[in-house]
Amino acid sequence: MLQSTPRRSWRVGHCLLVLSTILMAAACSPASQSQQQPTARNRIVYGLTLQPSGFDPHIHASAELGIPLRQVYDTLVYRDPQTQVFVPGLATEWAISPDGLTYTFRLRAGITFHDGTPFNAEAVAANLDRIMNPDTASQRAAFLLGPYLGYEIVDELTIRLILSSPYSPLLDALSQVYLGIASPAALGQFSNQRYQFNQVGTGPFAFVEYVPGDRLVIRRYEDYAWGPPFYDLPGLLSVDEVEFRFFTEPATRATALESGEADIMGELSPIDASFLTANSAIQILPVAAPGQPLQFLMNTQRFPTDDLRVRQALIMATNREAIIDAVFRRFSPLAWGPLSRNMVYAYRELQDLYSFDPAQARTLLEAAGLQDADENGFLDLNGVEIEVNIVAPSWGMIPEVAQLLQDQWRDAGLRVVIDPVPSLNLLLEAVASGEYNLVAFYEFGLDPVFLNRYFISSAPNNWLGYANSALDELLIQATQIVDPNERFVRYAQAQQIIMQDALILPIRDYVNLNGARTSIQNLSFDAYGWFPILNNVIVNPN
Amino acid sequence: MALLRQVGAAMLTLWAAVTLAFFALRLLPGDAIQAQLLRSGASAAVIEQRRAALGLTDPLATQYLHYLAGVLRGDLGVSLIDGQPVAAILARQLGPTLALAGSALLIAIGIGVILGVTAAQERGGSAVVARLLVDLALSTPLYWTGILAIFVFALWLDLLPASGAGRLDQLVLPAAVLGFHTAGSIARVTQANVRAVMVARFVTTARAKGLTRAVILRRHILRVSLPPVLAVIALQAGFLLSGTVITESLFVRPGIGQVLLTAVLRQDYPVVQGVAVWSALAYTLVSLLADAGQRLLDPRVRAFR
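Listed in order, the protein sequences are those of chains V and F.
Each position in the first sequence, counted from 1, maps to that position plus 18 in the working numbering.
Each position in the second sequence, counted from 1, maps to that position plus 26 in the working numbering.
Source of the hints: derived by calculation from the structure; they are not laboratory data.
Glycine included, each C-beta is placed from N, C-alpha and C at the ideal position.
To spell it out: a stretch of chain F is covered by chain V in this simulated footprint if at least three of its residues, at any positions, have a beta carbon under 8 Å from a beta carbon of chain V; those stretches are:
1) 60-68
2) 111-124
3) 175-188
Excised from the complex, chain V in its bound form (with noise of 0.2 Å):
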């Protein structure tokens, strides 16, 4: 009996020597790799905040992923970052035939892949099939494609795109990351499953590796000589490498940045932005990107925002000016429209529609028939008191707008029941049901036309209830003329119906508060505001 007891903890402590090694090599093993190859002169780590569902540009939707792989592919077409005119990509010249119905390119000579392999119009050709192929099951770039029908490859580097519909937005597509151009080869040798972590394009920098919730990383493509004309060409302090990490919990962002574990960040929250901006080390970089503005979309079928007066009452009691500085501190612009000013097709006049005036809204709360008859503060109609709400999805710091609406409209007079929602299949459900009267919505985009995913009557997600023929013609209109000039007059007139008719009640336009290390220069952003142009990118550690 006695003896056996050092025995026996011996065995004891040899099993927790076992496992601690084996613990050990599990530790070390999965992610060695990039410390084994040469350090790149200039690397850096850069921060992306949510784990996208994948990192394939052809068949993945998120924005996230166009941080890393907008360097790593070149697009036909690009927007100049300042003034959002189409400048030449891989294609140098391209006509729109007066029907509307052909786009012709004619593609740069001299082009490779990263892989060597040349890149001309069949090259466009394949990524297309890709693209349109059922299988491929693309959830953005095939959508982008609209009223695609097919290609024509005219010569080696001319290529021809044929819509069986004019459309307009076809030469934004064709600018966005997701219609990025891949090595026909690479796209041969890999399954759709295994191109996102062998993918070769022809951009500033090579594809490395990406290692699912862990780092994707991209290396300068050293013989890359066919940037857009805001690339700059790279020199001694250029950014050789990036890895991208996730810091998918906004707690860890500003500290990541604080300790030097990473050297720029993306979506800040606005109160560690402002807590930053008086680190030394730290620089805040606020860029807004186009697109819907933070905006509450109301149910036109339920009530009490079935009524117009409603509805207009509801943006005049809020007080948009007290929730940028709150909630945002400071770092966005008042949204006024359904599409944020930084956009060419904004509708500037819309500006002074709606102003914050608590008193008018109560004017046509009353006018539509709503009293506080019972004298608690609330009003009530026929003795029912009426109730607004709000889903609100629990990102964009929506649930912060919210409670802030609450507050406001409880002045008003108005009962506020905020329904939180966490995941977009929940707010899917939300809507489905029909019991609200605002959903908190928005995407982001350079071409108007993810207008008609919500205002045209027939739209998929056309959670006003509304139908309006004449803004569906508009709309519609919008989306098949080529002459900016004509758009621009079809786009104003429907930013006017939505707010005339008070659709939607808009907040903010959408910053994305970046932070960098001061060692970091030279950091843009492109025309779509969230992806930085890393090629420009300056390592300067002084």
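Chain F: place on chain V using the hints.
Showing chain F alone in chain V's frame:
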């Protein structure tokens, strides 16, 4: 025979976990494909087509049998969101998860047992401190201790990295925080067991024999009171192996917890089911091991079986 019975019970547990996960997920509202294509402008017809291609329009019973047959073949299906095989997704996260769970567990056992034994003593300043630490470990939220640790060790003292996985120094902070947190429940049970044994008659006898406190503790008290602690350790091990969502996000580590969190939010059924299978497997294996360990360490358990 006993082994056969245990393996049978384990299989039953696995089946129950798989089945429960399968049906519970489908009770949740929403649809992954519709959410995925929300900003694409895809028509209802296209969405329906995609759902059909993934087998989501089949009757639930067909889907279930199909899935079960797959699991039996070792095929956990593919993710609805990114088309990757679920087994491959899980396998990739296994390394970081094992590293974190294992090291946290070692720390937890070490701290937990020492704290528990110390706290079980009737008198002395160290007992008071130990009890305080046990309470602290049990009552402070992981999130809070984690942020505090990052603030002190990464930002202020600049000793350790607060994020990443792969290097050993990146494992220290998360393992320590998670280990301390897990130590609480191990310490509690150790304390209670040691306490209960301390008043046993054979301890009084040992004391009467004139043995020193240290010898009594080591040779008589711990040998009886520690084996039951194994059950708690096994429970904690199962929990840690199923993924630690908060620790992983706080310390920016890959792992099963991260996979689970994103999959749940995106309603990626096959991935969530895969994690459920893995958790059930981990729990079952660990508790089998704990049973075996207990039998090895405690002759009374052997005698009664």
